[in-house]
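> One line per chain: the protein sequences are V and Z, in this order.
Heads up, the final residue of the first sequence is numbered 490 in numbering that gives the first Met the number 0, and it's a clean run with no missing numbers.
Heads up, the final residue of the second sequence is numbered 490 in numbering that gives the first Met the number 0, and it's a clean run with no missing numbers.
Honestly, I wouldn't trust all of these hints.
When chains are identical, the list treats them as one kind, so a pair holds in a single copy or across two.
Stated by the list, open to error - Cut-off 25 Å, straight-line C-alpha distance, at most; resulting in silico cross-link-like pairs (SDA-like, lysine to any residue): (1) K350 with R483; (2) K292 with R88; (3) K375 with R343; (4) K171 with D79; (5) K16 with Q187; (6) K158 with I429; (7) K271 with G61; (8) K280 with D213; (9) K12 with L488.
None of these hints come from the bench; they were simulated from the model.
Protein chains: 2
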Amino acid sequence: MLKNYTPAEIPGKTEMKQRISAARARLYELQMAIKDSKLPVLVLFEGWGAAGKGSCIGRVIGDIDPRFYKVATKAVVAEDEARRPFLYRFFKEIPENGKFTFLDGGWMEQTCQEALLGSLEGNAYADRIDSIRRFERTLVDNGYLVLKFFMHIDRKEQKARIEKLLDSRSTKWRVSDYDRWQSAHYDQAMEVYDKYMTETNAAIAPWYIVDATDAKWAQLQVLETLVANIDVALQNSAHTSPLVPNVFQLLDMPKLADIELEGKEIDEVEYKKELKRLQKKLGKLHNELYRRKIPVVITYEGWDAAGKGGNIKRIAAALDPRGYEVMPIASPEPHELNRHFLWRFWTRLPKDGHIAIFDRTWYGRVMVERLEGFCKENDWKRAFNEMNEFEKELSDWGAIVIKFWVHIDKDTQLERFTYRQNTPEKQWKITDEDWRNREKWDLYEGAIDEMIAKTSTSFAPWYILESVDKKYARIKALKIIIERIEEALDK
Amino acid sequence: MLKNYTPAEIPGKTEMKQRISAARARLYELQMAIKDSKLPVLVLFEGWGAAGKGSCIGRVIGDIDPRFYKVATKAVVAEDEARRPFLYRFFKEIPENGKFTFLDGGWMEQTCQEALLGSLEGNAYADRIDSIRRFERTLVDNGYLVLKFFMHIDRKEQKARIEKLLDSRSTKWRVSDYDRWQSAHYDQAMEVYDKYMTETNAAIAPWYIVDATDAKWAQLQVLETLVANIDVALQNSAHTSPLVPNVFQLLDMPKLADIELEGKEIDEVEYKKELKRLQKKLGKLHNELYRRKIPVVITYEGWDAAGKGGNIKRIAAALDPRGYEVMPIASPEPHELNRHFLWRFWTRLPKDGHIAIFDRTWYGRVMVERLEGFCKENDWKRAFNEMNEFEKELSDWGAIVIKFWVHIDKDTQLERFTYRQNTPEKQWKITDEDWRNREKWDLYEGAIDEMIAKTSTSFAPWYILESVDKKYARIKALKIIIERIEEALDK
Chain V
0 MLKNYTPAEI PGKTEMKQRI SAARARLYEL QMAIKDSKLP VLVLFEGWGA
50 AGKGSCIGRV IGDIDPRFYK VATKAVVAED EARRPFLYRF FKEIPENGKF
100 TFLDGGWMEQ TCQEALLGSL EGNAYADRID SIRRFERTLV DNGYLVLKFF
150 MHIDRKEQKA RIEKLLDSRS TKWRVSDYDR WQSAHYDQAM EVYDKYMTET
200 NAAIAPWYIV DATDAKWAQL QVLETLVANI DVALQNSAHT SPLVPNVFQL
250 LDMPKLADIE LEGKEIDEVE YKKELKRLQK KLGKLHNELY RRKIPVVITY
300 EGWDAAGKGG NIKRIAAALD PRGYEVMPIA SPEPHELNRH FLWRFWTRLP
350 KDGHIAIFDR TWYGRVMVER LEGFCKENDW KRAFNEMNEF EKELSDWGAI
400 VIKFWVHIDK DTQLERFTYR QNTPEKQWKI TDEDWRNREK WDLYEGAIDE
450 MIAKTSTSFA PWYILESVDK KYARIKALKI IIERIEEALD K
Chain Z
0 MLKNYTPAEI PGKTEMKQRI SAARARLYEL QMAIKDSKLP VLVLFEGWGA
50 AGKGSCIGRV IGDIDPRFYK VATKAVVAED EARRPFLYRF FKEIPENGKF
100 TFLDGGWMEQ TCQEALLGSL EGNAYADRID SIRRFERTLV DNGYLVLKFF
150 MHIDRKEQKA RIEKLLDSRS TKWRVSDYDR WQSAHYDQAM EVYDKYMTET
200 NAAIAPWYIV DATDAKWAQL QVLETLVANI DVALQNSAHT SPLVPNVFQL
250 LDMPKLADIE LEGKEIDEVE YKKELKRLQK KLGKLHNELY RRKIPVVITY
300 EGWDAAGKGG NIKRIAAALD PRGYEVMPIA SPEPHELNRH FLWRFWTRLP
350 KDGHIAIFDR TWYGRVMVER LEGFCKENDW KRAFNEMNEF EKELSDWGAI
400 VIKFWVHIDK DTQLERFTYR QNTPEKQWKI TDEDWRNREK WDLYEGAIDE
450 MIAKTSTSFA PWYILESVDK KYARIKALKI IIERIEEALD K
């Protein structure tokens with residue numbers, strides 16, 4: 000689509016002036032509408048080196064109140080970003096509801112650069128395109144306006160601009176090595192850009208090619224596209240997003256009611272022996288994971304009082320504290336609620352070689368948020384797929400993903416609640432909310448059955464930990480974690 | 000103090016077991032007391048390479064619920080940390096109220112390593128010690144319990160441990176280059192450690208040397224010290240912290256009432272010409288700052304409707320959006336309120352070579368928080384010095400710090416409020432709170448006079464922008480910024 004792009008004619012000076020000032024005035028008005036209707040707007044600027052991305056962003060934000068936008072430069076991959084999944088460095092920048100984020104360079108630049116320099120090929124490239132499509136789609140599904148501009152200049156123009164920049168000491172540093180390389184390989188880059196843009200030109204987030212030969216003209220094109228898109232997005236605010244069909248291989252999972260809890264127990268002596276042996280083994284494997292930079296994400300969900308905390312403790316005790324972190328997940332804070340529901344998990348991902356243990360997870364979306372009405376029906380229905388896609392990103396990144404459901408029956412829960420209530424130093428562990436949730440046991444059971452059925456993918460399966468005997472559940476968890484790590488290390 | 004340290008005798012096996020189990024039980028109880036009384040606890044582990052910091056942290060956290068602590072490894076300075084002031088990477092890790100942070104290596108390790116390897120000497124070393132003392136003191140003054148452990152092993156023991164680690168492929172990577180260097184220069188390191196510990200051994204945050212020859216014994220020493228300190232800190236919770244005298248050179252500043260506002264105006268033609276000229280100049284200087292990696296922090300405070308927003312806009316318009324960020328400061332979010340009041344500013348500092356413009360600032364502490372009772376009297380009284388110390392860190396880091404007070408008189412404010420109220424597209428800019436604040440004009444004026452008098456340091460002075468004519472104020476701001484940048488570039 001870039002190759003056969005023909006720029007429109009540049010308007011005359013007077014017309015340009017009028018249109019720019021009209022679009023600026025409109026954008027100024029719209030910022031309040033965006034705030035009021037809580038529309039988040041993500042504006043991506045991609046394009047040729049020296050096409051003027053930075054100065055164009057500068058002109059556009061001039062009309063927006065600084066409280067309503069952020070600008071992030073994504074040209075260079077920082078050290079902490081390089082140690083996380085590809086989308087991490089972009090997901091963390093998504094705007095809050097009612098605000099703009101302007102990105103100077105983004106997922107296109109990184110992808111095409113890697114493709115051009117040969118570090119991203121074949122299946123990896125195809126997976127990357129899939130990731131990007133899903134990323135843009137889940138943002139739009141969650142109410143984001145995603146705008147993608149490609150700032151275009153022709154080969155001659157680019158060459159001239161780069162030469163001019165290199166000419167002066169005060170602007171020389173602005174030309175990166177990659178800019179030079181690109182200028183010398185303009186046609187080759189054109190092929191890769193064109194292919195990329197064709198592959199990612201979705202109706203929900205189309206590409207806008209901006210003729211960047213003239214800075215004012217470029218500003219006008221961006222402003223008018225921005226304004227038109229915001230107008231449409233504001234009309235869409237009450238809209239629900241279509242569910243997309245599952246494309247991942249799902250494992251056959253039992254319903255909770257069919258899980259045998261009786262007899263899943265271990266005697267004290269055997270437990271102590273096994274615990275010691277398995278923790279020692281896990282500790283050694285942790286070293287090896289660290290050395291080979293393999294990340295691990297372990298998630299815990301389960302009935303209240305099922306024994307999640309004690310289970311996590313036995314895993315943690317085996318690990319070097321410098322290489323793992325337990326992430327206790329409570330209700331979202333305001334700045335978290337104001338973003339895509341997965342944002343607070345994306346930003347909590349471990350570095351490669353590290354282990355993250357989530358004590359409660361993103362699955363809150365299809366349990367408590369679903370049943371308590373904290374999100375809309377359309378939101379939790381879409382979430383099954385969104386969470387599978389999220390875990391696919393983790394798995395493609397190389398992470399071992401292990402999801403535990405810590406399971407007990409209703410009678411066992413009652414016993415433990417009563418014990419907690421009657422034991423002074425345990426009372427903080429039991430709240431009125433726990434009792435209220437217990438009344439909804441059957442509703443939860445239905446939701447959990449649906450969750451486990453729809454999100455047990457081959458790359459991120461659920462494991463049931465029968466925890467009427469907590470010791471049994473701990474040993475089982477250790478064994479599963481060890482098995483999964485050994486499997487990954489053998490590859 | 001390290002050089003003449005004599006370890007106590009290790010208790011016998013039975014006694015050790017009993018004491019460990021008593022201390023663990025007590026720590027388990029105390030975690031709830033900590034939560035209830037909102038005590039934040041920062042535990043720093045320093046010490047010799049291979050002394051067992053990691054495994055000791057692992058043993059200690061085993062008794063704490065994962066919701067109540069975080070572990071952070073600070074051995075390696077990350078890229079984004081290296082581009083910010085020294086304390087940034089530690090300040091960002093401070094715990095929330097009611098929680099623990101365990102640091103594996105910290106400001107001692109980094110400082111002594113730099114001193115040993117020769118990159119920190121003379122005045123820079125002395126300034127560093129000052130920074131560290133102030134950092135620890137301001138934490139304690141703000142209710143933090145700060146515990147500093149030094150894990151000690153002798154030369155022979157260290158040598159043996161490192162050799163053992165190097166012996167096996169699975170543990171070899173754990174020995175850093177610096178560990179090897181340290182082992183080869185044990186005596187030299189001892190000198191530097193001893194000096195550092197003597198210099199930073201404050202009553203409010205003393206050093207605890209831990210005999211780390213035996214892992215269980217080390218655990219016991221740490222646990223007992225931890226428990227004893229928490230017991231004391233819990234009794235201190237209602238305590239107010241002493242004010243410390245100002246040690247910085249203060250500039251003579253006028254009272255607001257003495258500032259001449261009349262005649263501070265500029266005509267339209269002159270304004271346009273000057274604005275264009277100065278913005279162009281600032282744009283060029285911004286390039287130069289970026290190239291030379293000099294950071295700039297510009298802060299705006301001022302009366303409501305004084306014209307802060309428009310002033311900031313004229314500065315921002317001159318800058319490359321990739322190199323600056325406007326930080327709009329609203330009321331703190333819960334996770335911000337739960338930490339030292341400067342935490343949300345420390346974590347928003349720009350990278351070197353970048354400009355941060357704060358639209359409202361940390362000075363809220365001595366204005367709105369003081370007058371509305373959002374903090375205690377002792378808190379805002381201490382804040383003058385705490386903010387000076389904060390800005391001293393910025394200045395020592397190499398930042399240009401420019402603080403603006405945008406000034407108008409009471410009548411001008413009334414005119415602007417009325418205009419906003421009567422102009423539909425401006426109404427969002429005026430709230431009931433603005434009218435309520437206006438009623439307290441005189442109280443605010445007194446607080447502001449005190450603030451400007453007490454925080455106009457030679458390294459971070461206040462500048463008054465007379466803004467009855469907003470255009471005059473914008474030109475004045477641009478000129479001040481340009482002057483300060485030119486001054487810094489000339490150095």
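> Now look at each hint and say whether the structure bears it out.
Right, here's what the structure says about each hint:
1. K350 with R483: within (19 Å within a copy, 40 Å between copies)
2. K292 with R88: For K292 and R88, the Cα distance is within 25 Å both inside one copy (19 Å) and across copies (23 Å).
3. K375 with R343: Answer is within: at 19 Å inside a copy they meet the 25 Å cutoff, but 32 Å across does not.
4. K171 with D79: between (28 Å within a copy, 24 Å between copies)
5. K16 with Q187: Classified as neither; 37 Å inside a copy, 70 Å across copies.
6. K158 with I429: Neither: 68 Å inside a chain and 50 Å across chains, both beyond 25 Å.
7. K271 with G61: Between copies only: 17 Å across chains, 66 Å inside a chain, cut-off 25 Å.
8. K280 with D213: Only across copies: K280 and D213 sit 22 Å apart there, 64 Å inside one copy, limit 25 Å.
9. K12 with L488: Answer is neither: 65 Å inside a copy and 39 Å across each miss the 25 Å cutoff.
When the structure is compared with the earlier hints, violations turn up for hints 5, 6 and 9 and for no others.
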